[in-house]
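J.: Kindly generate the complete structure, drawing on both the sequences and the hints.
Throughout, the numbering used here is defined as the position within the sequence shown, counted from one, plus 13.
Calculated directly from the structure, the hints in this document are not laboratory data.
Hints are not guaranteed to be accurate.
[Said to hold, decoys possible] Quick list of the computed label-pair ranges, beta carbon to beta carbon:
hint	residue 1	residue 2	range
1	Ala189	Arg600	40 to 46 angstroms
2	Phe659	Phe423	31 to 37 angstroms
3	Ser225	Leu399	38 to 44 angstroms
4	His575	Ala521	48 to 54 angstroms
5	Lys339	Ser194	23 to 29 angstroms
6	Pro437	Ser632	37 to 43 angstroms
7	Ala596	His575	28 to 34 angstroms
8	Thr449	Lys267	24 to 30 angstroms
9	His608	Ala405	21 to 27 angstroms
10	Leu195	Pro437	43 to 49 angstroms
[Unchecked claim] The list that follows gives simulated cross-link-like pairs (lysine-lysine, DSS-like), each with its CA atoms no further than 30 angstroms apart:
hint	residue 1	residue 2
11	Lys512	Lys587
12	Lys413	Lys471
13	Lys587	Lys413
14	Lys339	Lys128
15	Lys587	Lys624
16	Lys471	Lys512
17	Lys624	Lys593
18	Lys667	Lys222
19	Lys413	Lys222
20	Lys339	Lys213
21	Lys213	Lys289
22	Lys267	Lys339
23	Lys512	Lys451
24	Lys267	Lys289
25	Lys170	Lys128
26	Lys413	Lys637
27	Lys637	Lys624
28	Lys413	Lys213
29	Lys222	Lys289
30	Lys339	Lys170
Note that the structure is a prediction, hence the values are computed from the model and not measured.
Note that CB positions come from ideal geometry on N, CA and C, so glycine has one too.
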Amino acid sequence: MKTAVQWSDVLADLEEVAADHDSAPSFFERLLSELSTVMEAVSAACWMFDQEQSIGLLAEFQFSTLSLRDDLQGTRLNQRILSDTFSARAARVVPFQVRNSPAIAFVLVVPLNHKGNCIGVLEFFAGGEPWQLDSETQRGLNSVVSLVDQYLERLEKLTRVTDPSGFLADFAAFIAELHRSLDPAAVAVTTVNDAAVILKCDRATLLLKRGSRWDVVAVSGRGAVNPRSNQVQLLQRLVQSAAVARDVLMYTGKNDAVPLPLTAPLAAYVGESGSKMLMLRPLFHPVSRKHGKPQAASQDRRDQRLLGAIVLEQFTTSRPGPVLQKYAGTLCDPVSLAMSNALAYRRIPLLPFLDFLGRQCERVRRQAAVKVGVVLCCCLITVAVLLNTPAAYRVNASGKLLPALQRRVFTEFDGEVDRVHVQPGERVDVGTPLITLKNDIFEDELLLLHRQQDERRKSLLGLNSELHSASKAGNREHLLQLQAAIEQCRIDVSSLQNKIGQVEQRIARMILRAPIAGTVVTFVDEQQLIGRPVRRGDTLLEIMDEEGPWRLELEVPENRVHHVQHGISTYGDKVPASFKLMADPAREFSGWLSHTAARSAIGLESGSVMKIYVSLDDSADLPKRIGADVRSRLECGDYSLLYVWFGDVVEYAKREFWF
Numbered sequence: 014m015k016t017a018v019q020w021s022d023v024l025a026d027l028e029e030v031a032a033d034h035d036s037a038p039s040f041f042e043r044l045l046s047e048l049s050t051v052m053e054a055v056s057a058a059c060w061m062f063d064q065e066q067s068i069g070l071l072a073e074f075q076f077s078t079l080s081l082r083d084d085l086q087g088t089r090l091n092q093r094i095l096s097d098t099f100s101a102r103a104a105r106v107v108p109f110q111v112r113n114s115p116a117i118a119f120v121l122v123v124p125l126n127h128k129g130n131c132i133g134v135l136e137f138f139a140g141g142e143p144w145q146l147d148s149e150t151q152r153g154l155n156s157v158v159s160l161v162d163q164y165l166e167r168l169e170k171l172t173r174v175t176d177p178s179g180f181l182a183d184f185a186a187f188i189a190e191l192h193r194s195l196d197p198a199a200v201a202v203t204t205v206n207d208a209a210v211i212l213k214c215d216r217a218t219l220l221l222k223r224g225s226r227w228d229v230v231a232v233s234g235r236g237a238v239n240p241r242s243n244q245v246q247l248l249q250r251l252v253q254s255a256a257v258a259r260d261v262l263m264y265t266g267k268n269d270a271v272p273l274p275l276t277a278p279l280a281a282y283v284g285e286s287g288s289k290m291l292m293l294r295p296l297f298h299p300v301s302r303k304h305g306k307p308q309a310a311s312q313d314r315r316d317q318r319l320l321g322a323i324v325l326e327q328f329t330t331s332r333p334g335p336v337l338q339k340y341a342g343t344l345c346d347p348v349s350l351a352m353s354n355a356l357a358y359r360r361i362p363l364l365p366f367l368d369f370l371g372r373q374c375e376r377v378r379r380q381a382a383v384k385v386g387v388v389l390c391c392c393l394i395t396v397a398v399l400l401n402t403p404a405a406y407r408v409n410a411s412g413k414l415l416p417a418l419q420r421r422v423f424t425e426f427d428g429e430v431d432r433v434h435v436q437p438g439e440r441v442d443v444g445t446p447l448i449t450l451k452n453d454i455f456e457d458e459l460l461l462l463h464r465q466q467d468e469r470r471k472s473l474l475g476l477n478s479e480l481h482s483a484s485k486a487g488n489r490e491h492l493l494q495l496q497a498a499i500e501q502c503r504i505d506v507s508s509l510q511n512k513i514g515q516v517e518q519r520i521a522r523m524i525l526r527a528p529i530a531g532t533v534v535t536f537v538d539e540q541q542l543i544g545r546p547v548r549r550g551d552t553l554l555e556i557m558d559e560e561g562p563w564r565l566e567l568e569v570p571e572n573r574v575h576h577v578q579h580g581i582s583t584y585g586d587k588v589p590a591s592f593k594l595m596a597d598p599a600r601e602f603s604g605w606l607s608h609t610a611a612r613s614a615i616g617l618e619s620g621s622v623m624k625i626y627v628s629l630d631d632s633a634d635l636p637k638r639i640g641a642d643v644r645s646r647l648e649c650g651d652y653s654l655l656y657v658w659f660g661d662v663v664e665y666a667k668r669e670f671w672f
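T.: Given below as structure tokens:
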């Protein structure tokens, strides 16, 4: 039997430990160490319920020496003891023998109660003789449980008073920075970067609703956002689907709480981004309320217009942190207000000009009328000079550097991919096999035709034999019938042979071959492509000839096409153009406008655009990389200097205010 414990001394020491420790894990480690020493325990552990009501190890004293992780039977035994203790809520001594720790013979379990609930268990492991839970030991253990309850109560009060997460101070600085600028881009960058830090998440993304589109305007830790990336497009589809509910979407690794219409877009985005936790909160335009008539939250959401959404993600754990859970909603209201004000400010027509005019008017108000007249005369003179000074007008366009000779390889028949013969970046010649397709219908049809042909040939042999017998018998009528049947068989055999040739040609055309010599530029994932069904007309590969001439494929906004036409009328067939590679902006290259597209197209960023093609001057220094991003300038002839400087403002006014 274990020796008696002097509980008065133990409790006095533990009270000092509780007074000096404000960290729960540190306190329980000292608690386990002190009690294990005086109770002659080999090891000890403290188990607690977390926020998701899962049992987890909070603190331990030499618990790792038991090697329970390597002993499945011991782990299950320990879990069963913990479960029984949470249910019984009484201290007890339980036999405990595991393979990896033969020195352990029993365990003392003590349930911890707080606010009427069992929140954890203390475990003490020892060998030799078991403890005797007499009245003095029971009183001592109850005193320890009461001490733990008082310590947790003090810790909760301290947490409520001191705000250990530091959220309030960070939130105040965030509000000040958020309203420092009326530029929507600056507000968006401040929102995502500061939100990721304050809420302690891995990534924050801000999207704005523009008509029926959801544009990703800022991502924490990143500069420019590529709207063509697969991840951005999947996120836009998810937000567009989730915005219908106008409510918070929470994903923590399970789809149980996710509405059924959002399951597919959520799974697609999570699979692409690798997020383990995702919180999507909609942002609304603020609405004015009548004084003294507050509205319910649900009524507010019905009345308010959607402004955008903020997406908070974690990549290392599916459990949202306490700061994220508690303060994410608090952070959204000032973001909505700041972004709505910035967008409203930027929607003012001719804002730079009006701002300049307002400053000048404020300055002129304090001056005499003579000075005002002088200023007006100077302005008129300046305008007259600008109207009569010619200047070159240039149109900026963005696009890609591509070979001029390029072809797309598409399927002529329905089928499925059987084999891929090439890899991305591989050089091929004309007629090189690229992809082999198969169509079971063609194979079955060819087999059927061969069987029919064999049957007709056998019939032909039989008829020839009958014809020989009939000729010996001298039966003229039967002889004529056999000759007619033989001729029909020959016609059928010839027809079937033609059909077999046509089917074999179709099967041969199921091997897609290179129409030109060049490089395969399409990404080919053979594992995903094998067995993929394709339909007639589907494009599978694109081949470009890197050894031939190169050109620029640019997109010009449709409202600037008339300037390009003016340049064509001025310079003729060769409109000068200069361009720079986005990867090498220090060097500039030249070319000329070769031709324009016959019709407009829809660009991914600029709306309606006109595609134009620029041929390149010979330059050995030009790094030719397929699909390289370029920025180009087209010479469009001379205009007045006033129009060159302010023509965009005039065109905007005509476009927006013309009725």
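J.: Each hint needs a verdict: does it hold in this structure or not?
T.: Hint by hint, here is what the structure shows:
One distance hint, 40 to 46 angstroms for the beta-carbon pair Ala189 and Arg600, holds here, with the actual separation near 43 angstroms. Checked against the given bound of 31 to 37 angstroms, the beta carbons of Phe659 and Phe423, roughly 48 angstroms apart, lie outside it. Between Ser225 and Leu399, the C-beta spacing of about 41 angstroms keeps the proposed range 38 to 44 angstroms intact. Between His575 and Ala521 the beta carbon distance is about 51 angstroms. The supplied range of 48 to 54 angstroms therefore holds.
For Lys339 paired with Ser194, a C-beta distance near 28 angstroms keeps the hint of 23 to 29 angstroms intact. At roughly 27 angstroms, the beta-carbon separation of Pro437 and Ser632 lies outside the given 37 to 43 angstroms, and the hint is violated. In this structure the hint that Ala596 and His575 lie 28 to 34 angstroms apart at CB holds, the actual value being about 32 angstroms. A beta carbon spacing of about 42 angstroms between Thr449 and Lys267 contradicts the range 24 to 30 angstroms that was offered as a hint.
The hint said 21 to 27 angstroms for the Cβ distance between His608 and Ala405, and at roughly 22 angstroms that hint holds. For the pair Leu195 and Pro437, the beta carbons lie near 46 angstroms from each other, so the given range of 43 to 49 angstroms is met. For a cut-off of 30 angstroms, the pair hint linking Lys512 to Lys587 is broken: about 54 angstroms separates their Cα positions. Proximity of Lys413 to Lys471 is assessed by CA-CA distance (about 64 angstroms); at most 30 angstroms being required, the pair is judged violated.
Proposed proximity of Lys587 and Lys413 is supported: the alpha carbons are some 20 angstroms apart, at most 30 angstroms. With a C-alpha separation of about 22 angstroms, the suggested pair Lys339 and Lys128 falls inside the 30 angstroms cut-off, and the hint holds. Distance check on the hinted pair: Lys587 and Lys624 sit about 17 angstroms apart at the alpha-carbon level, within 30 angstroms; holds. Distance check on the hinted pair: Lys471 and Lys512 sit about 19 angstroms apart at the alpha-carbon level, within 30 angstroms; holds.
A distance of roughly 18 angstroms separates the Cα atoms of Lys624 and Lys593; the hinted pair therefore holds under the 30 angstroms criterion. This hinted pair checks out: Lys667 and Lys222 have alpha carbons roughly 26 angstroms apart, not beyond 30 angstroms. Pair hint Lys413 plus Lys222 holds up; C-alpha atoms about 29 angstroms apart against a cutoff of 30 angstroms. The hinted pair formed by Lys339 and Lys213 meets the criterion: a straight-line CA distance of about 12 angstroms does not exceed 30 angstroms.
For a cut-off of 30 angstroms, the pair hint linking Lys213 to Lys289 stands: about 15 angstroms separates their Cα positions. Proximity of Lys267 to Lys339 is assessed by CA-CA distance (about 21 angstroms); at most 30 angstroms being required, the pair is judged to hold. The hinted pair formed by Lys512 and Lys451 meets the criterion: a straight-line CA distance of about 19 angstroms does not exceed 30 angstroms. Pair hint Lys267 plus Lys289 holds up; C-alpha atoms about 9 angstroms apart against a cutoff of 30 angstroms.
Note on Lys170 and Lys128: the hinted pairing holds, with a Cα-Cα distance of about 14 angstroms set against a maximum of 30 angstroms. Restraint check for Lys413 and Lys637: satisfied, since their Cα atoms lie roughly 11 angstroms apart, inside the 30 angstroms limit. Of the pairs offered as hints, the one joining Lys637 and Lys624 holds, with about 21 angstroms between alpha carbons and a cut-off of 30 angstroms not exceeded. Note on Lys413 and Lys213: the hinted pairing is violated, with a Cα-Cα distance of about 39 angstroms set against a maximum of 30 angstroms.
Of the supplied pair hints, the one linking Lys222 and Lys289 holds, its CA atoms being roughly 26 angstroms apart against a limit of 30 angstroms. A hinted pair counts as satisfied when its Cα atoms are at most 30 angstroms apart, and Lys339 with Lys170 qualifies at roughly 17 angstroms.
Hint check: violations occur at hints 2, 6, 8, 11, 12, 28; the rest are consistent with the structure.
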